[in-house]
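One-letter residues, chain by chain:
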Amino acid sequence: MTPTDWIAALLLGMGGVFFLAGTLGLLRFPDVYTRLHALTKADNVGLGLIVLGLSVQADSWVVVGKMLLIWALVLLAGASVAQLIARSVLRRGIRLWRQ
Amino acid sequence: MLLQSGFDVALGLGLLWVAWQALNSSDLFKAIVFFIAFGLLMALAWVRMDAPDIALAEAAIGAGVTGALLLGALARLRASNAGETTMGQAGNGQRRFMASRRLLWIPLLLMAAGLGYAVLSLPGYTPGLSAQVAANLGASGVSNPVTAVLLNFRGYDTLLELVVLLLALLGMWSMAGPAPPPSAEAAAVLDGLSRFLTPLVLLVAAYLLWVGTRAPGGAFQAGSLLGAAGVLLILAGWRANVASTALSLRLVLTAGPGVFVAVAAFSLLMSGQMLKYPPAYAGILILIIEIAATLSIGLTLAGLFLGGRPRGERKSP
Amino acid sequence: MPAGSAVTGVSWGALLVLLPLTGAMVCFLWTRAARILGLSTVIAVCLAVAGLGWQLLQEGVYHHAAGGWGAPLGIELYADGLSLLMLIATAAVALAVSIYSTGYFKRARAIRFWPLWLILLAALNALFLSADIFNLYVTLELVGLAAAALTALGGGAAALRGAMRYLLASLLGSLSYLLGVALLYHSFGSVDIAMLAARMESSPTVWAALGLMSAGLIMKTALYPLHFWLPPAHSSAPAPVSAVLSGLVVKASFYLLLRLWLELFGSVSEGIDNMLGLLGSVAVLWGSVQALRQTRLKLLVAYSTVAQLGYLFLAFPLAASAMTAWNAAAYLVISHALAKAAMFLAAGNLMHFAGHDRIADLDRMVQRLPLTVFAFALAGVSIMGLPPSGGFIGKWLLLEAALTQGRWDLVAVVILGGLLAAGYVFKVLGSAFTQAAVPQRARRVPASMEWPALLLACAAIVLGLVTLPVFSLVTIGDAFGVDEVVP
Amino acid sequence: MNAAVLYALVGVGLYSLGLYALIVHAHLVRKILAINVMGSGVFLVLVALARRGGEAGTDAVPQAMVITGIVVAVSATALALILVVKLAAETGYATLSGNRQE
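Protein sequences appear in the order of chains A, B, C and D.
In my numbering, each residue carries its 1-based index in the first sequence increased by 1193.
In my numbering, each residue carries its 1-based index in the second sequence increased by 663.
In my numbering, each residue carries its 1-based index in the third sequence increased by 2.
In my numbering, each residue carries its 1-based index in the fourth sequence increased by 8.
Bound-form chain A, shown alone:
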């Protein structure tokens, strides 16, 4: 394995850890708001790391550009959808979780 492969593997692995953490939060957190928090924050970083990891190994800059575009779109969609879900939940009168 070349050094770039090692870097890629490290980035991909870290991305995986973030995804895992996000999923764990989705399953274990107590209410909608905290779950959204876990899902969007952790998965955005996770996907970013995976895109970086794949970019290191990419053949051309076009491919890198496409992947970055995908990341940007997922960020945008994720943020918007999280806001929409939180808004509709809030309107239905579901309270924030307090210890």
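Hints in this document: simulated from the structure, not taken from any laboratory.
Here a beta-carbon is modelled for each residue, glycine too, at the ideal position from N, C-alpha and C.
Some hints could be false.
Far from chain D by the CB rule (all over 10 Å, computed), these chain C residues [said to hold, decoys possible]:
#1 Ala52
#2 Trp56
#3 Leu97
#4 Glu402
#5 Arg443
#6 Leu470
Which residues of chain C face chain B? A partial, calculated answer using Cβ under 8 Å [what the hints assert, rightly or not]:
#7 Pro74
#8 Ala112
#9 Arg114
#10 Leu118
#11 Ala128
#12 Val140
#13 Glu143
#14 Leu147
#15 Ala151
#16 Leu155
#17 Ser189
#18 Gly191
#19 Ala199
#20 Met202
#21 Pro206
#22 Leu373
Position chains B, C and D against the provided structure of chain A, taking the given hints into account.
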């Protein structure tokens, strides 16, 4: 190799599990969300089977548009209090279902086993038509074999398929009445998102249409992206100021099948065989048909999501 | 493709699909003229069928390679005598129903009816012309969706429920059929019927395909016990739509089943033909008894369809005398198409006139709507199988085949079914002669609604007098493969 | 058994699961979901079996057929859903059995 077959097994089991959840979740909303997840897993399975064209179509239509249609219908059902079967009202029927459920397992399991045996006992490997497709690809006018089959070799199927789509919209308009008004106020975020995404989606759709002649993509993928953009705009509360009676709207809806039928009639006149393109013009004819089909598919899918005839009295905000 | 005369040089078969599709889209675009455009399209389709018939008589079977590729890569259109017979019946019913619809539908409904109806017509023609089992799947779906949309056209809970039930049954049927197509494609590497026939050999996969495709098509044909969707759908649709559903749509899936059976599965299936015959027998008896028990006219006519469809399946166990049995099935298909369409149109007139379809309250209809009652009676003659009518010829041929093979059970079913049919037809006619103490709406029925019913019923009778031309038509292309069987 | 046959068997499984749900559930939206799952199963069988001979080449014909099938499925789903919505607005039930009077 082991890793790959492990992935295939996991994906296969995942498909079955998610399908089971989509079919048997107690909450209908949950079931629909599982169904959308099922569509995405299906797209993954298509990629695993080297069928990126289907993967694109599945993700956009199977999961995206179908999911949006289901959620839209659920919202309207909940408005008329029919979002769930209430056990008390279904009464005897439901109880009879419960009783038959135990017995139903047996014949269905037998059927599944029989079908599985039929699949396993298929005589060897039959080459299918890949050799013929490859041999004639040069004369088809495009270099993506799937597009060649869809728009040239089996173009007649695709012509009828565009009619099926138009028929769905006609059927809906014939029974649905005017579309329900947009929900009271759309979220500002959704509005902003739709304003930002729509041009981008149009760009990607145009790209998919253009690239479809030689790489995965084509009229259906591009059209379903247009449809998705339409769904987003409708969700954001945006309405075009055209009534269902407007000729312009109808012209775009019939553009795909219309151009296709026109090409069929013209080729019938010229060569005696419908949809037989002269090899020199095959590429350009396919492109013309695809452009018209993309517009029709996009508008039809958006129209199906609208859930009724557009009224055209409301100015866009 | 240059050819001798002007008529035989045209590819009428392709036009039979393209014409109604164009008509449907033009009707949709130019709603104001939908009625006249729709009617002219249907007349053009009738002319095209005549052209195709002439072509077949002159040159034998019709082949058309859509896209110019030919099987197995491309899709082939194919028409022989059997397809032509179905196309003629379709054109005849379509013309009558279209004329009827000009009077039946008010403007607001009419502009929705015509595009859907023309698409259904195109889909039926495409189905009768296709020789490609995947293309047949697409046409099946097109037929099913168009028919479901038309069923719901009347509005109201009953029609919506009927349409929904029909749509689900139809989708289930087509998916089963498609799974069979997948298995056949991967067994033999083609979806062209002729190529499959040449490569056909028995295997577990072929058996599974046979089961799936037959079950799916039987569901769409509403053979007992998979008929549950038919009575609600056919009785709640608007009258012209009911006529098309009962007359043509269920026949389309039966035609496809017959075609697959003759070309592909006949050689590899043993024992299933007897099961089909048994289900057919039950359908004849059970459907007729149900029809007798109905108090609503349209439901009675719908259950009669369940019974009459049963007759078609009696031909399968008698296939040893191929000529007689399959001729009987073909005759029954077209005479029932004409007679049942006439019956539904007549029932629509009675309903239009009185505002209800309770059989007991058909107050002296024979004096008020003599043409309509006469049409119903003539159609009833063919349904009962009395001479001289198309229904009589069909049932006579069935009896002949059953007698020569010593199948006394089937003989009994045919005769008993005829008696029961007489029972329910006379139940209606009896009420039409007697007086009932109920107020009637007495709305005028226009001539454009009375004459189509009568002409269709007359056609069903005339069919009994022109047996020889019909038989010679059917032999074009030798769809029944009689050469091998007749000594 | 290779991956192609595995996916074909999954397709058979989906078809059977869908058929089960279609019969068992009364709610029409669930029946529509069941039809869609059945359809996906059929599509899987159609495409997967083309690859059972190994990785060599892909057959474009079944792929094109499946794209056709997906479009037909979405059309049918849209039509069925609007029927359910209208039926529920008319009767208050999204089932075939509920509320028989008209």
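For each hint, the structure was consulted:
1. Ala52: Holds: least Cβ distance 32 Å, greater than 10 Å.
2. Trp56: Nearest chain D Cβ is 34 Å from Trp56 of chain C, so the label holds.
3. Leu97: Non-interface label on Leu97 of chain C holds, nearest chain D Cβ at 27 Å vs cutoff 10 Å.
4. Glu402: Its Cβ never comes within 10 Å of chain D, the nearest being 41 Å, so this holds.
5. Arg443: 18 Å, holds
6. Leu470: Nearest chain D Cβ is 43 Å from Leu470 of chain C, so the label holds.
7. Pro74: 6 Å, holds
8. Ala112: 11 Å, violated
9. Arg114: Where the cut-off is 8 Å and the nearest Cβ of chain B is about 4 Å from Arg114 of chain C, the hint holds.
10. Leu118: This interface hint holds because 6 Å falls under the 8 Å limit.
11. Ala128: 7 Å, holds
12. Val140: The hint holds - Val140 of chain C has a Cβ within 8 Å of chain B, the shortest such distance being about 5 Å.
13. Glu143: 6 Å, holds
14. Leu147: Since chain B brings a Cβ to about 6 Å from Leu147 of chain C, closer than 8 Å, the hint holds.
15. Ala151: Holds. Min distance 3 Å.
16. Leu155: 6 Å, holds
17. Ser189: Cβ of Ser189 of chain C sits 6 Å from chain B, so the hint holds.
18. Gly191: Holds. Min distance 4 Å.
19. Ala199: With a closest approach of 16 Å, the Ala199 of chain C hint is violated.
20. Met202: Check failed: Cβ of Met202 of chain C comes no nearer than 12 Å to chain B, outside 8 Å.
21. Pro206: 5 Å, holds
22. Leu373: 31 Å, violated
Violation of the numbered hints given earlier is confined to hints 8, 19, 20, 22; the remaining hints are satisfied by the structure.
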